[in-house]
Amino acid sequence: MLKKWFSIKNTALQFTNAIPSNDVNLKDLQATLLEMYEDVIQFCDQHQLDIFAVGGTSLGAIRHNGFIPWDDDIDLGMLRSDYSKFISLFENSALSQKYILKAPNYSQNNPNRFLQLYHKNTILKTIHNGSSPEWQMVFLDIFPYDSVNDNKFIRTIKGVTSDALMLIASCVGIVEKNDPTTKEMFYSSQKGKINYQIRTLIGKIFSFRSHSQWFDIIDNFVKNDDQNSKFITSAMGSKHYLGEIISRDIVLPLRMQPFDKLSVKVFHKIEDYLTMLYGNTYMQIPEKKYTHSVVYFEKVKTK
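Residue numbers (UniProt numbering): 1 to 303.
If you're looking for bench data, these hints aren't it; they were derived computationally from the structure.
Some hints could be false.
[As the list claims (entries may be wrong)] Derived DEER-like restraints, expressed as beta-carbon distance ranges:
#, residue 1, residue 2, range
1, N178, I250, 35 to 45 Å
2, E287, N228, 41 to 51 Å
3, Q42, V160, 21 to 31 Å
4, E184, I217, 43 to 53 Å
5, S207, D150, 28 to 38 Å
[To be verified] Straight-line Cα separation of at most 27 Å, BS3-like style, residue types lysine-lysine; simulated pairs:
#, residue 1, residue 2
6, K204, K193
7, K102, K193
8, K27, K152
9, K239, K193
10, K98, K125
11, K204, K191
12, K125, K193
13, K230, K193
14, K125, K27
15, K102, K299
16, K288, K125
17, K102, K223
18, K27, K193
19, K191, K230
20, K288, K239
21, K193, K177
22, K239, K125
23, K98, K269
24, K239, K152
25, K193, K288
26, K261, K98
Backbone N, C-alpha and C fix where the C-beta goes; we use that ideal spot for every residue, glycine too.
Using the sequences and the hints given, assemble the complete structure.
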């Protein structure tokens, strides 16, 4: 109930669809994302880490053998042990010459609840990052996948607590950024207006910690690398802790799947995962097409 009331997906979709089209070359943006994906795969292969496509990227791999035609981002996942190793190995690697890594419990003023890898030589502006010019770069999302307690009661309590913590972090972030575009998006509907006012109140109450510190707390709370558990979840995913719980045998062993010019890893029973995420019509092209509303993209030439 808490998640349903505070969900802004439909509000965001209606708001972004109302924005006029622009001159962003989506193919050029996708080419840059593909280059980043290839760099990350090479880094992971070098260090024997598994990284796999999730969300819309995995759907694109199965339905289109590459990007969903209108997609403007890449979503990846790693089991917690590999995710932690990726972060620890990054700083002294060649990858750090080209990219900036932001993640909870790694960097100060971290802008999100999961790892994001930013391409230094790019400029990417969306309607959502206008208040954060320092993060106006093309990025990849990498989500940690954590083990889940086999006891249903314990994992339910953990899931509800996780959702509450993420709501707090989101609300504090709204107060900190005070972004007029975000407010405009919420105020585009009566429900959204009430939602925004409640979020602002919650954000002020819990602003004794920054939203970045709340992300650190969430990351520590959900962290679980028990490889003997039957289930895993992406607490930071779109459906959050309880909605992303899947059987470990759906994920492992990973399998290879074409993605444009690359061969990428996806879940072993990827069809079951996509059905859980999108329903049994996931192979059909939807009428509503959700994007991150990119308004400007440029790849900066280096000397």
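Going down the list of hints, with the structure as the test:
1. N178 with I250: 35 to 45 Å: Distance hint for N178, I250 holds at roughly 41 Å.
2. E287 with N228: 41 to 51 Å: 43 Å, holds
3. Q42 with V160: 21 to 31 Å: 40 Å, violated
4. E184 with I217: 43 to 53 Å: 30 Å, violated
5. S207 with D150: 28 to 38 Å: 37 Å, holds
6. K204 with K193: 17 Å, holds
7. K102 with K193: 31 Å, violated
8. K27 with K152: 44 Å, violated
9. K239 with K193: Since the Cα atoms of K239 and K193 sit roughly 23 Å apart, the hinted pair holds (cutoff 27 Å).
10. K98 with K125: 19 Å, holds
11. K204 with K191: 20 Å, holds
12. K125 with K193: 25 Å, holds
13. K230 with K193: 41 Å, violated
14. K125 with K27: With a Cα-Cα distance of about 16 Å, the restraint between K125 and K27 holds, given a limit of 27 Å.
15. K102 with K299: Roughly 20 Å between the alpha carbons, so the hint for K102 and K299 holds.
16. K288 with K125: At roughly 22 Å apart (the allowed maximum being 27 Å), K125 and K288 satisfy the hint.
17. K102 with K223: Holds, at about 17 Å.
18. K27 with K193: This hinted pair is violated, its Cα atoms lying about 35 Å apart.
19. K191 with K230: Distance of about 39 Å is beyond 27 Å: violated.
20. K288 with K239: 18 Å, holds
21. K193 with K177: 17 Å, holds
22. K239 with K125: Holds, at roughly 26 Å.
23. K98 with K269: 34 Å, violated
24. K239 with K152: With Cα atoms ~18 Å apart, K239 and K152 stay inside 27 Å; holds.
25. K193 with K288: 23 Å, holds
26. K261 with K98: Roughly 21 Å between the alpha carbons, so the hint for K261 and K98 holds.
The structure fails to meet hints 3, 4, 7, 8, 13, 18, 19 and 23 from the earlier list, while all remaining hints are met.
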